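Dock chain B with the ligands against chain S, hints included.
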Amino acid sequence: MLMERMILTKEDLAKYPFLREAAEYVEDLGLKVEDLDDFAYEQVINRAEERVQEAILYAIITKRSYNNDVEILSFPIAILIISTIGDNFLKRRYALAEAKRAYNLLKLENEEKILIMAKNFNWIISFNDKGVIEGLPYKFSIHFINYLKNATSIKGEKWKLINRILIEGNVPLMKGEVARLLAEEVRRYVEKKLDVKELPNLPMGLARRVEMLRALFTREEGKASLEEVPKAVVTSAFPPCVRASYEMTLLGKHIPHVSRFTLTSFLINVGVPVDKVIDLFRNLSDFNERMTRYQVEHIAGERGSRVRYIPPKCSTLRTYGVCVNVDEICKVVQHPLSYYKKKLQLK
Amino acid sequence: MGDLSSLSRTLEFIKGKFAEYYERASSKLKPPSSLERRELGFSLFEGGIIRHKRFTSLDGLTSTLKALAPSDVYYSCAYYERPDATMEEKGWLGADLTFDIDADRIRTACEKAHDSWVCTSCGAAGRGVAPGACPTCNGSKFEETTWLCDVCLEPAKAEVLKLLEFLVDDLGLSEDDIDVYFSGHRGYHVHVESDVVRGLDAEARREVVDYVMGIGLDIRLHGFEIRGTRRPRVVSCPKLDDVGWRGRLAKGVYEFLSIATRESLEGIGLRDKVIDIILAQRDQLLKGWGLLKGVDVNGWRRIAKKGAELRSANVDPVVTTDVHRLIRLAGTLHGKTALRKVKAPLSGIEGFDPLKEAVAFERGEVTIFVYEAPEFRLGERTYGPFKEKMVELPTAAALILLCKGVAIVR
Ligand code: SF4
Ligand SMILES: [Zn+2]
Ligand SMILES: [Zn+2]
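If you read the sequences in order, they're chains S and B.
For the first sequence, the positions run 107 to 453 when the numbering used here is used.
For the second sequence, the positions run 749 to 1158 when the numbering used here is used.
Excised from the complex, chain S in its bound form (with noise of 0.2 Å):
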């Protein structure tokens, strides 16, 4: 572990500034958040409020500061900004931006240094001694808890443990898979930082910066929501796993739990009326109208924990066996709701 740090360089903190030892840096420079206005401080705030702002804007952190100093002290000041905004989905905005830029630099790093990336993670990870398999260079090999607390929220077929060798317990990877990986650690890690409980009075001339990026993220997500699902609900748009528990509730046939849960929320999320939810349901021999509202109306939100659920996912729906008759859109899909917007677009 020592040598490990030792190999850590301030340059390393400053690309990687959500390392452990990036942030002892910063606590030992005891900085203060009501000194944050002072002139001193000047660059670093400039360079934190980038931040915020390419993360808004587009959702990735590309410019960088060759100033150590600045680029390490600025990281935990974006976290307070965003902190302070306090908005939950430009909290998870701010932290994909971080994790893709991460990643950016990650992959140019040599095999030593994502290894001690890695274990600064508590990863379980180990050079592969058996290096090539089937011609390709698995020079890694990490423990599946670590492969699937962040490969599950990566998209595509080849990030699945069935689609990977695994050998006792130990996933072999690629450089640039490890890489990746990592920048989901990242991901996650930076959504955590952001949740903090107690937020600290921010002196004038910060705060002010903050209302303007407020502002700005305003406008932007104002901007996000006219792209939003169109009124008219097109029922030939709806992928086939809806399509057909859709059809067979027509039909007046029953359809499991997990179909009917998918059915709903499809609907509700694509701007059905809860009255015309519960009305498909009326075919059902055994229709029970207060059960059937109440369900709906749960689903929607307007009821108990006032969320609006959404259908599951693609790769869930076909563990439960939902996902059926899959067509040419299903395969650059992963979820029922983003088929029928990309259908809508094909229209």
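The hints are simulated quantities; they were obtained by calculation from the structure and are not laboratory data.
The reader is advised that the hints may include incorrect statements.
[Said to hold, decoys possible] With a straight-line cut-off of 30 Å between C-alpha atoms, the simulated DSSO-like cross-links for lysine-lysine are:
#1 Lys838(B) with Lys419(S)
#2 Lys264(S) with Lys910(B)
#3 Lys1053(B) with Lys261(S)
#4 Lys359(S) with Lys838(B)
#5 Lys299(S) with Lys206(S)
From a predicted model like this one, the values you see are computed outputs, not experimental measurements.
Relative to the frame of chain S, chain B with the ligands by itself:
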């Protein structure tokens, strides 16, 4: 069926036997690890469920069992900070990795002979497993009577063996951390208790389920190399001794093709031409595993899918992915059979006889009136079939019929 008083007498009798069992067996009962971190739950003979209970000692648990004589006893696979708080406030700390292999998920020829269903809305009835929708009224709720049966339990055991191979060889889990149990009714539970798996979230568990069930498998990533874009063809395939899913695929395909008939090949949707090619090359295949020439990519996909199916473990995905799941506590009785949930040895599971090891009542006879019951075995003896008959049976055999609701104490 029986008048009210004989029904309540029957219930009293069963409950009395359960209480007697817990009186006698509680010293042998093994609590789950970290008992104080688990939620306990009970189903009652009177109806209703008691949940969100926490026990800090085995004594507390056993005295509750004696007093309550519940029909079923459950504990959470999860560990909580506050097991007795509401779901939102429990504070999830992790969970064991559990699998349920249910004979009901595996079709057998004999289920037609011993299982039956009645539609609760119109009363229509039939044999075998209940249909998705009632053929008469389209209703979806059924009273099902499934039976305890050797033949049905045997393939479930085969699924357990396949699962164990996945857990040990692929996931690298230690055999010391794995326990296999007969559930006391129609299947097996496999529990993994280890720090390694405790923190897995539902998504990760779903990936594990997909892995053992062979879901989402892409043959191109498992040694089936496909070349060419205009007329793609398979140019190589995995080998029988490859590790993990590759070897499984190879073996599964080999197993399927070596006994395939024209019908079974048609069954997976192959074209006639492809079937001819396969049947013509079969002798050669049996001599040595290798790629069959002339089978197109689509054909291979279908064959590989079948091969994967033969090698995958048929578990219930819902149980494994539910990180709050309540499962039956080992050593307690199953309310539908009065059999115990018992541990099966990891090595030598082939010779394990669930219908002997799970018997909880070794003594005494009871006279009961049986409405209708197919033949069944318990321990060394077989009983029945019975129809509208008073019979004197050993306690364990009588209890099965009483618990199943096909007999009463007069
Ligand atoms: S791939 Fe997705 S959208 Fe398509 S049928 Fe399956 S679950 Fe539905
Ligand atoms: Zn009916
Ligand atoms: Zn049977």
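Hint check:
1. Lys838(B) with Lys419(S): Within the cut-off at roughly 27 Å; holds.
2. Lys264(S) with Lys910(B): holds (24 Å)
3. Lys1053(B) with Lys261(S): Measuring from Cα to Cα gives roughly 22 Å; hence the hint holds.
4. Lys359(S) with Lys838(B): violated (39 Å)
5. Lys299(S) with Lys206(S): holds (17 Å)
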